[in-house]
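Participant: Using the sequences and the hints, build the whole thing.
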Amino acid sequence: MKFAIDCRNLRKTYPAKPPVEAVRGLDLQVQYGECFGVLGPNGAGKTTTIEILEGLLPATSGEVWILGRQWGRDNREIRQRIGVSLQETVLSDELTVAETVRLFRSFYPHALTVEQALAQVSLQEKAKSRVNKLSGGQKQRLAVACAIVSDPELLFLDEPTTGLDPTSRREVWEIIRQLRANGRTILLTTHYMDEAQRLCDRVAIFDEGRVIALGTPDELIRSLGGDQVVQFSFAKRQEPHSPVEPPTEILDTMRALPSVSLVENIAEQVRLTCQQLPAVVTALIELLRHHDFVLSDLNTREASLDDVFIHLTGKRLESDAA
Amino acid sequence: MSNQETPHETTPNKKSLAPVPHGTGSLVSDWPIMILVRTRLLEFSRRPAAMFWTYVFPLVMMFILGSAFRSQGESVSQVAIVSGVHAAELNTLLKSSPELAVSIVAPEEGLRMLRAGRLALLIRTSTGDGVLPSSSAHAVEQPWEFVYDPQRAGGRTAELLVQQQLRLSAGAKDSLLFHRVPYSEPGGRYIDFLVPGLIGMVLLGGGLWGVGFAIVDMRIRKLLKRFLATPMRKSDFLLGIVFSRMLFVIPQIAVILLASYLAFSVSNHGPWFDFLFVVLLGGLQFAGVGLLIASRAKTMETMSGLINLVMLPMWTLSGIFFSYENFPEMLHIPIRLLPLTPLLDALRGIMLDGQSMFAFPLEMASILLWTIGTFVIALWNFRWTD
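Quick note, the sequences are listed as chains A and B, same order. Quick note: the first sequence uses my numbering, first residue 1, plus one each step. Quick note: the second sequence uses my numbering, first residue 1, plus one each step.
Everything labelled a hint here was simulated from the structure, so no lab data went into it. Treat the hints with caution; some may be incorrect.
Unchecked claim - Partner residues aside, some chain B positions facing chain A, computed with beta carbon under 8 Å: (1) Lys222; (2) Leu223; (3) Lys225; (4) Ala229; (5) Gly373; (6) Thr385.
Glycine included, each C-beta is placed from N, C-alpha and C at the ideal position.
Facilitator: Structure representation (structure tokens):
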């Protein structure tokens, strides 16, 4: 019983021509009481993995322990101890909020009252409203209420804020923080890097069915070697708004600038990770002028998990980067 | 300004994005309307279910119904003669007409067949107008009574066919004696025949839509999957669906019975317990059929198609609106294998003839088998996740 979730060498292959390997040998350990983020672009295998962990999909191979129990042997016990919010469940429009929670509550031998569950997601005032009268954010909070009504030890939240407006996302974040503070273990999938950065103790970054990075958000960002990112394009002095492919020798010179740890060129965009932002930007402008180029579309910011992902895969995440 | 000086290598991607003009010389196949039509055709042809229901299903129905009505040649009117003096002689006379199917029956049996819609016309010796049957005279000269429900299609036609046949036999003489008896006592009218048919139809539709469609809807909304993630017992869920369906059945049937009683004085002539038992068992049977066809369907298109596939043959063949006795003899066995047919036969036996359900052992066994069979296969085959 060392881990709340422990899965080893997990594989899931869907029969097709050719077979689709959604999960390719995954190892994942989630500690008790932590909020663990599973990050990755669409199609990275996040939902497949989480549904295997939730016991909704059989794995092709590998071992999974949930709260020290195994699917296939202790299904009922595991289901009583976990809470689940799926990516796109459409609850019945005709029921009220309270009726919906009461229905889910009835499946568990021990559960919170309907009022307690609704209070945790701040939906008490909507208790008598029909589901079809709720906003997107309220519906998502209701889905979370259905997941926590059994007061679960382990909670799975699959993309709980996808498609929500910024205010609603923050409301959901607050609920998750509260659950985390109450000692619940949470496994959260998201493709918003900022969400993972704010909420998660540790994150695993998924790509193509594998974990390509694992650690606390700070650790992962520090692995870039700097905490500032400068992003820009090259343009000819005569045409400052038409980016051109940066010459390799200039990129090499940039790598030698003081405090610069990474220089990457992705689709005519240069990303440079460093620690001393003002000095680096000044040096850059000078360097480009010397070669008859100008900086185009310059922006600077603190490094994020998004940059970690780009560094590891050379791809951008579909992120709103709120 | 300095466009000419721009090295060619730096703009290849821009060049490929430059719009190609849709001049007058563009191909007809590139016209928006052509592309739109093509797109619709492609979408349609890549949906096999839609292709099946559009092209194959109407053909299937055409062959079923077409062969049902064709194999008999011309349509034949079912006529019965009540046994008695001259019955056999009349039988021989009428049998020479290819448009009449004639049999000799006992008086009670004749009335029962008339009630069940299995006869268009019942012929019996007249007892009215003081004209007495004579044992010496010819059958043609006898006073006959033609009994049929004027509300029901086919009775009048059968009467005319019989008259025509009698005239032919009597030669030029036009001395036919007959007496028309409209058969419209409660229990024997078309409406009496129709009400049990409607009850069966409601049970059929309720099972397929109320159970089957509802389950597929929940599967599409991923609600089934969400339930699966809880410790809910699968049996609780399925029984909940079926029981709630059964609760809808009772008021539904009560409304039909009450309305038909108030408007047409239709009533149940049999034991109420048997009637209720058969109705509930029928409801359960179609809940099972609904569960079975919903057990794997993943889209509404598939489900609507399956519902049509199951419902249409029963609507047309099982005898909701007219007796399946009108179909050729060889089709009776396959028709009676459909789940709705035995239910309607038993319901009509109870409601119209006042019989008990034990008078229909084969029918009851069929309903029971369909109920158990569909539930077992549905549970074994049921798809919870998508």
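Participant: Against each hint, give a clear statement of whether it holds in the structure.
Facilitator: Evaluation of the provided hints:
Residue-level restraint check for Lys222/B holds (minimum Cβ-Cβ distance to chain A is 5 Å; threshold 8 Å). Interface hint status for Leu223/B: upheld, as the beta-carbon distance to the closest one in chain A is roughly 6 Å, under 8 Å. Evaluation of the Lys225/B hint against chain A yields a held restraint, the C-beta minimum of about 6 Å falling below 8 Å. For Ala229/B, the interface hint holds, since its Cβ comes within 8 Å of a Cβ in chain A; the closest pair sits about 4 Å apart.
With a cut of 8 Å, the hint placing Gly373/B at the interface with chain A is violated, because the nearest CB-to-CB distance is about 28 Å. Hint on Thr385/B holds. Least Cβ distance to chain A is approximately 6 Å, under the 8 Å limit.
Consistency with the previously given hints fails for number 5 only.
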